Amino acid sequence: MLMNLDIKRNQGLQTMSDLSMLEIQELLNEAQSFSNGKQWSAGKPVFAANLFFEPSTRTRFSFEVAEKKLGMELLQFDGETSSAKKGETLYDTVKTLEAIGADLVVIRHPEDQYYKELLPKVNIPIINAGDGCGQHPTQSLLDLLTIQQEFTDFNQLHIVICGDLRHSRVARSNAEVLTKLGAKVSISGPRSWMNGFEHMYPYVTMDEAVKIADVMMMLRIQHERHDGDISFSKEEYHQQYGLTIEHEKKMQPHSIILHPAPVNRDVEIADELVECSRSRIFKQMKNGVFVRMAVLKRALNH
Amino acid sequence: MLMNLDIKRNQGLQTMSDLSMLEIQELLNEAQSFSNGKQWSAGKPVFAANLFFEPSTRTRFSFEVAEKKLGMELLQFDGETSSAKKGETLYDTVKTLEAIGADLVVIRHPEDQYYKELLPKVNIPIINAGDGCGQHPTQSLLDLLTIQQEFTDFNQLHIVICGDLRHSRVARSNAEVLTKLGAKVSISGPRSWMNGFEHMYPYVTMDEAVKIADVMMMLRIQHERHDGDISFSKEEYHQQYGLTIEHEKKMQPHSIILHPAPVNRDVEIADELVECSRSRIFKQMKNGVFVRMAVLKRALNH
Amino acid sequence: MLMNLDIKRNQGLQTMSDLSMLEIQELLNEAQSFSNGKQWSAGKPVFAANLFFEPSTRTRFSFEVAEKKLGMELLQFDGETSSAKKGETLYDTVKTLEAIGADLVVIRHPEDQYYKELLPKVNIPIINAGDGCGQHPTQSLLDLLTIQQEFTDFNQLHIVICGDLRHSRVARSNAEVLTKLGAKVSISGPRSWMNGFEHMYPYVTMDEAVKIADVMMMLRIQHERHDGDISFSKEEYHQQYGLTIEHEKKMQPHSIILHPAPVNRDVEIADELVECSRSRIFKQMKNGVFVRMAVLKRALNH
Numbered sequence: 001m002l003m004n005l006d007i008k009r010n011q012g013l014q015t016m017s018d019l020s021m022l023e024i025q026e027l028l029n030e031a032q033s034f035s036n037g038k039q040w041s042a043g044k045p046v047f048a049a050n051l052f053f054e055p056s057t058r059t060r061f062s063f064e065v066a067e068k069k070l071g072m073e074l075l076q077f078d079g080e081t082s083s084a085k086k087g088e089t090l091y092d093t094v095k096t097l098e099a100i101g102a103d104l105v106v107i108r109h110p111e112d113q114y115y116k117e118l119l120p121k122v123n124i125p126i127i128n129a130g131d132g133c134g135q136h137p138t139q140s141l142l143d144l145l146t147i148q149q150e151f152t153d154f155n156q157l158h159i160v161i162c163g164d165l166r167h168s169r170v171a172r173s174n175a176e177v178l179t180k181l182g183a184k185v186s187i188s189g190p191r192s193w194m195n196g197f198e199h200m201y202p203y204v205t206m207d208e209a210v211k212i213a214d215v216m217m218m219l220r221i222q223h224e225r226h227d228g229d230i231s232f233s234k235e236e237y238h239q240q241y242g243l244t245i246e247h248e249k250k251m252q253p254h255s256i257i258l259h260p261a262p263v264n265r266d267v268e269i270a271d272e273l274v275e276c277s278r279s280r281i282f283k284q285m286k287n288g289v290f291v292r293m294a295v296l297k298r299a300l301n302h
Numbered sequence: 001m002l003m004n005l006d007i008k009r010n011q012g013l014q015t016m017s018d019l020s021m022l023e024i025q026e027l028l029n030e031a032q033s034f035s036n037g038k039q040w041s042a043g044k045p046v047f048a049a050n051l052f053f054e055p056s057t058r059t060r061f062s063f064e065v066a067e068k069k070l071g072m073e074l075l076q077f078d079g080e081t082s083s084a085k086k087g088e089t090l091y092d093t094v095k096t097l098e099a100i101g102a103d104l105v106v107i108r109h110p111e112d113q114y115y116k117e118l119l120p121k122v123n124i125p126i127i128n129a130g131d132g133c134g135q136h137p138t139q140s141l142l143d144l145l146t147i148q149q150e151f152t153d154f155n156q157l158h159i160v161i162c163g164d165l166r167h168s169r170v171a172r173s174n175a176e177v178l179t180k181l182g183a184k185v186s187i188s189g190p191r192s193w194m195n196g197f198e199h200m201y202p203y204v205t206m207d208e209a210v211k212i213a214d215v216m217m218m219l220r221i222q223h224e225r226h227d228g229d230i231s232f233s234k235e236e237y238h239q240q241y242g243l244t245i246e247h248e249k250k251m252q253p254h255s256i257i258l259h260p261a262p263v264n265r266d267v268e269i270a271d272e273l274v275e276c277s278r279s280r281i282f283k284q285m286k287n288g289v290f291v292r293m294a295v296l297k298r299a300l301n302h
Numbered sequence: 001m002l003m004n005l006d007i008k009r010n011q012g013l014q015t016m017s018d019l020s021m022l023e024i025q026e027l028l029n030e031a032q033s034f035s036n037g038k039q040w041s042a043g044k045p046v047f048a049a050n051l052f053f054e055p056s057t058r059t060r061f062s063f064e065v066a067e068k069k070l071g072m073e074l075l076q077f078d079g080e081t082s083s084a085k086k087g088e089t090l091y092d093t094v095k096t097l098e099a100i101g102a103d104l105v106v107i108r109h110p111e112d113q114y115y116k117e118l119l120p121k122v123n124i125p126i127i128n129a130g131d132g133c134g135q136h137p138t139q140s141l142l143d144l145l146t147i148q149q150e151f152t153d154f155n156q157l158h159i160v161i162c163g164d165l166r167h168s169r170v171a172r173s174n175a176e177v178l179t180k181l182g183a184k185v186s187i188s189g190p191r192s193w194m195n196g197f198e199h200m201y202p203y204v205t206m207d208e209a210v211k212i213a214d215v216m217m218m219l220r221i222q223h224e225r226h227d228g229d230i231s232f233s234k235e236e237y238h239q240q241y242g243l244t245i246e247h248e249k250k251m252q253p254h255s256i257i258l259h260p261a262p263v264n265r266d267v268e269i270a271d272e273l274v275e276c277s278r279s280r281i282f283k284q285m286k287n288g289v290f291v292r293m294a295v296l297k298r299a300l301n302h
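Chains as they are written, first to last, in this note's numbering: chain L, 1 to 302; chain Z, 1 to 302; chain E, 1 to 302.
Keep in mind that the hints are not guaranteed to be accurate.
[To be verified] What follows is a list of derived Cβ distance ranges for each label pair:
id, chain 1, residue 1, chain 2, residue 2, range
1, L, Asn301, E, Gly196, 53 to 59 Å
2, Z, Phe151, E, Asn123, 22 to 28 Å
3, L, His199, E, Gln39, 57 to 63 Å
4, Z, Gln113, L, Asp271, 51 to 57 Å
5, Z, Lys44, L, Ser277, 57 to 63 Å
[Unchecked claim] In silico lysine-lysine, DSSO-like type, Cα no more than 27 Å apart, as pairs:
id, chain 1, residue 1, chain 2, residue 2
6, Z, Lys211, Z, Lys116
7, Z, Lys286, E, Lys116
8, Z, Lys44, E, Lys283
9, Z, Lys286, E, Lys44
10, L, Lys68, E, Lys286
11, L, Lys250, L, Lys184
12, Z, Lys68, E, Lys283
13, E, Lys286, L, Lys116
14, Z, Lys283, E, Lys116
15, E, Lys211, E, Lys283
16, L, Lys211, L, Lys234
17, Z, Lys211, L, Lys286
18, L, Lys38, L, Lys283
19, L, Lys68, E, Lys250
20, Z, Lys234, Z, Lys211
21, Z, Lys121, L, Lys249
22, L, Lys211, L, Lys180
23, E, Lys283, E, Lys38
24, Z, Lys234, Z, Lys38
25, Z, Lys44, L, Lys283
26, L, Lys286, Z, Lys121
27, Z, Lys184, Z, Lys286
28, L, Lys234, L, Lys249
29, L, Lys286, L, Lys68
30, Z, Lys250, Z, Lys184
31, L, Lys44, E, Lys38
32, L, Lys121, E, Lys44
33, Z, Lys116, L, Lys283
34, Z, Lys68, E, Lys44
35, E, Lys211, E, Lys249
36, E, Lys38, E, Lys68
37, L, Lys286, Z, Lys44
38, E, Lys38, L, Lys68
39, Z, Lys283, Z, Lys249
40, L, Lys44, E, Lys283
I should point out that these hints are in silico values taken from the structure, not numbers from a laboratory. Note that the structure is predicted; figures quoted are calculated from it, not measured. All C-beta atoms in this analysis are idealised placements derived from N, C-alpha and C, irrespective of residue type, glycine included.
Could you put the whole structure together from the sequences, leaning on the hints where they help?
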């Protein structure tokens, strides 16, 4: 009973493992309803505070559009023009926004699991919009929604996750959830970037990947998180680990391409393929709004 | 027929030459209606994305107020806190905003004709809020509206465009449109800043200008676009090419002063003249909101 | 009659001394009504322009929430992304926002009494959100509201103002108003930071302060306004002038702690005391919204 109340108190979302498979499916269903035109609003003024301590276009605007579509008021916190400059901690900033009237907070922060110190004492939902090299649950959900829209059922689907697995915020949780949903997951990319994934999922070369995959899940090279440890040129990466025009021709007719964007064009994916008929990259962005609407609605306990 | 559809698809505004004289007059009439208190809203949620890659106060807030008066939701993109920092191109940024739900984009960008690469593939209206040393069509329209409010008819009016014609985004289009409307255009300012204008329009000194002009259209010295090529002091510029207190006294009783602002006080115009009875500088700012309302309404095809 | 009209024209708020004791009480009553759930809106579109030339979290978001709760549209001016970068003066910026449609401006600026040059020529209310080492009237009002909520009556209350009195924007006005309201004010902190206060109010050590105070009004050390003139370490300051855990134990059972925040934890106040049962620090933030609603409503002459 107490635990239930506790959960009621803060229906935020920090990691995909916070969610049961049932809850994931409920969120995807809700997101699909929003995609189909469902309208919903809280019926009272709701203030959403967006705290972005790292640059972002997609995630930030996607949350903004989702919040506005749900009729919320926004408080836009930018690390550069706030008391964070006077040395205020994240904890004090969030408690301040709570005191001032924020009903929920959306946070992107460069520190892994920044939310751990917040959860015990913050009384409003915390929605994680990306923590360091940790998680990015709404990105995972929009990937799942995009696959589900395409194939209806995850069972027997073969998904190959390709590229910078080491710094990806979604590779691990996507692999875990997809496996639980009955899909087969393989991995591809530079061996030294596999980060332990190679012990759990089969490794395939890009040549093999394009032939077997129903979904090529390309990851962005997180240049800003590499410390000069990239030993190949962009061209070399593209030829060996990227999705080239030649690779795409070997894909199965029904297979699709995902990428969280921003794309490093001609590195992870050939420039011409970004908007090709197989690409669901812009569809992912569209879905991001609907997934976030579902997560925000859930945060308000409706 | 196809072309018509094409235009329908994207009723943005990039340059004044996109507009026929009839369309210009329609926009001025609509703007005047808004000035007179006309209310209008799209009747559905509209998301306007404002992308400013250069500092701006007047233009940015003017668009914001115009959008809010039309009931739009705003997405404020700031080049400094976005994935542009991760190296994302303007094209990918605009496509992202389109995917996320923007219904139109307003862009200021330091690159001339930045919109050329966008137009073929972006499906939402692009409204140019200033491109490099290129154009700034809503500024041109607000200049025209301010003159029309004063004199009703452009025919036989004498407008002298004064100052930094080389870097002005409005000098060329204003001169062209005003000439088509029947006005007489002359130019004044440093000879080396005339940028070819001297082959098309009569050059006059400031002493002559103030005597003949119905409208003194002063331009801002675009210091940020000069590469240390200014060979005179501010005081020298003011005395020789600026509108001094002595000059103002020689103007005709009915003549007015325009300036796009921000004014370099005591350079282009004597400090005391900025808010004198001849000055329409703040009137121009007010008109900017109404002109932008008209352009935004047109972008939604209403 | 003329003076009345003048006041009508600009019901802004720059310093606490602009307000009579009656007006202060009216504002506190109005704020308390908002705290109790009162709803109010202007009944017409109102544009509030927020100009922050210094970093701020609490004050900025507090005004934002207050404005949105009153149904206003916001224009967020940030010193870093505007024509201020082209060298535009504060005066020209404010006149621009007025021309574009702002109905009132809220300004934080590093310069003392920045508003002096604005008042004669700006026709919309100017609400001071902090000027240099000058004043911060809405902070003063929220301090007063928090004390009044606790003790109902100021008469005979003993308030000790502690710490960086030299750079505080509220110390002087709070001391003056509290004295007029019948409270007894003492001061504490480094002798060299007393800034003349020692000639008007009794000085007490922290050991004495905690025993006699009904309200410990702790001030933030304004590190950004000190020029390397701080001769003691944080630990030394805390032990000698800060509110330590040992000090708190000597406070009277009913006594409370105020601090404008952001707190330098373990400097002005021991970390553990920031959220202790005596602390009204987050209550102050909540009250900040209600006080600002009252000030904004007054600015619209309602």
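Now for the hints, and whether the structure bears them out:
1. Remark: the range hint 53 to 59 Å for L:Asn301 to E:Gly196 is upheld by a beta-carbon distance near 54 Å.
2. Checked against the hint of 22 to 28 Å, the pair Z:Phe151 and E:Asn123 passes, with Cβ atoms roughly 27 Å apart.
3. Our hint of 57 to 63 Å for L:His199 and E:Gln39 holds, since their Cβ atoms are close to 60 Å apart.
4. For the pair Z:Gln113 and L:Asp271, the supplied restraint of 51 to 57 Å is violated, since their beta-carbon distance comes to about 21 Å.
5. Checked against the hint of 57 to 63 Å, the pair Z:Lys44 and L:Ser277 fails, with Cβ atoms roughly 30 Å apart.
6. With a C-alpha separation of about 42 Å, the suggested pair Z:Lys211 and Z:Lys116 falls outside the 27 Å cut-off, and the hint is violated.
7. Only pairs whose Cα atoms come within 27 Å are accepted, and Z:Lys286 paired with E:Lys116 is accepted, the gap being roughly 25 Å.
8. Restraint check for Z:Lys44 and E:Lys283: not satisfied, since their Cα atoms lie roughly 40 Å apart, outside the 27 Å limit.
9. Note on Z:Lys286 and E:Lys44: the hinted pairing holds, with a Cα-Cα distance of about 19 Å set against a maximum of 27 Å.
10. Distance restraint check for L:Lys68 and E:Lys286: the Cα-Cα separation of roughly 24 Å lies within the 27 Å cut-off, and the hinted pair is therefore satisfied.
11. In summary, the hint linking L:Lys250 to L:Lys184 is supported, as the alpha carbons are separated by about 20 Å, within the 27 Å threshold.
12. Proximity of Z:Lys68 to E:Lys283 is assessed by CA-CA distance (about 33 Å); at most 27 Å being required, the pair is judged violated.
13. As the CA atoms of E:Lys286 and L:Lys116 are separated by approximately 25 Å, the hinted pair is consistent with the 27 Å bound.
14. About 25 Å separates the Cα atoms of Z:Lys283 and E:Lys116, which keeps this hinted pair within 27 Å; it holds.
15. Annotation: proposed proximity of E:Lys211 to E:Lys283 holds, straight-line Cα distance about 23 Å (limit 27 Å).
16. Under the criterion of a C-alpha separation no larger than 27 Å, the hint pairing L:Lys211 with L:Lys234 is consistent with the structure, at around 24 Å.
17. Only pairs whose Cα atoms come within 27 Å are accepted, and Z:Lys211 paired with L:Lys286 is rejected, the gap being roughly 60 Å.
18. Proximity of L:Lys38 to L:Lys283 is assessed by CA-CA distance (about 18 Å); at most 27 Å being required, the pair is judged to hold.
19. Restraint check for L:Lys68 and E:Lys250: not satisfied, since their Cα atoms lie roughly 50 Å apart, outside the 27 Å limit.
20. Restraint check: the Cα-Cα separation between Z:Lys234 and Z:Lys211 comes to about 24 Å, which is no more than 27 Å; the hinted pair holds.
21. Straight-line distance between C-alpha atoms of Z:Lys121 and L:Lys249 comes to about 24 Å, which keeps the hinted pair within the 27 Å bound.
22. Taken as a hint, the L:Lys211 and L:Lys180 pair is honoured in the structure, with Cα atoms around 23 Å apart against an allowance of 27 Å.
23. Taken as a hint, the E:Lys283 and E:Lys38 pair is honoured in the structure, with Cα atoms around 18 Å apart against an allowance of 27 Å.
24. Proximity of Z:Lys234 to Z:Lys38 is assessed by CA-CA distance (about 43 Å); at most 27 Å being required, the pair is judged violated.
25. With a C-alpha separation of about 23 Å, the suggested pair Z:Lys44 and L:Lys283 falls inside the 27 Å cut-off, and the hint holds.
26. With a C-alpha separation of about 17 Å, the suggested pair L:Lys286 and Z:Lys121 falls inside the 27 Å cut-off, and the hint holds.
27. For the hint linking Z:Lys184 to Z:Lys286, the alpha-carbon distance of about 26 Å falls within 27 Å, and the restraint holds.
28. Between L:Lys234 and L:Lys249 the CA atoms are separated by roughly 21 Å; this keeps the pair inside 27 Å, and the hint holds.
29. Using a Cα cut-off of 27 Å, the hinted pair L:Lys286 and L:Lys68 holds, with the two alpha carbons roughly 15 Å apart.
30. This hinted pair checks out: Z:Lys250 and Z:Lys184 have alpha carbons roughly 20 Å apart, not beyond 27 Å.
31. With a C-alpha separation of about 15 Å, the suggested pairing of L:Lys44 with E:Lys38 holds against the 27 Å cut-off.
32. In summary, the hint linking L:Lys121 to E:Lys44 is not supported, as the alpha carbons are separated by about 40 Å, beyond the 27 Å threshold.
33. Simply put, Z:Lys116 and L:Lys283 have alpha-carbon atoms about 25 Å apart, close enough for the 27 Å limit, and the pair holds.
34. Proposed proximity of Z:Lys68 and E:Lys44 is supported: the alpha carbons are some 13 Å apart, at most 27 Å.
35. Restraint check for E:Lys211 and E:Lys249: satisfied, since their Cα atoms lie roughly 9 Å apart, inside the 27 Å limit.
36. For a cut-off of 27 Å, the pair hint linking E:Lys38 to E:Lys68 stands: about 14 Å separates their Cα positions.
37. Annotation: proposed proximity of L:Lys286 to Z:Lys44 holds, straight-line Cα distance about 19 Å (limit 27 Å).
38. Proximity of E:Lys38 to L:Lys68 is assessed by CA-CA distance (about 25 Å); at most 27 Å being required, the pair is judged to hold.
39. Under the criterion of a C-alpha separation no larger than 27 Å, the hint pairing Z:Lys283 with Z:Lys249 is consistent with the structure, at around 21 Å.
40. Distance restraint check for L:Lys44 and E:Lys283: the Cα-Cα separation of roughly 23 Å lies within the 27 Å cut-off, and the hinted pair is therefore satisfied.
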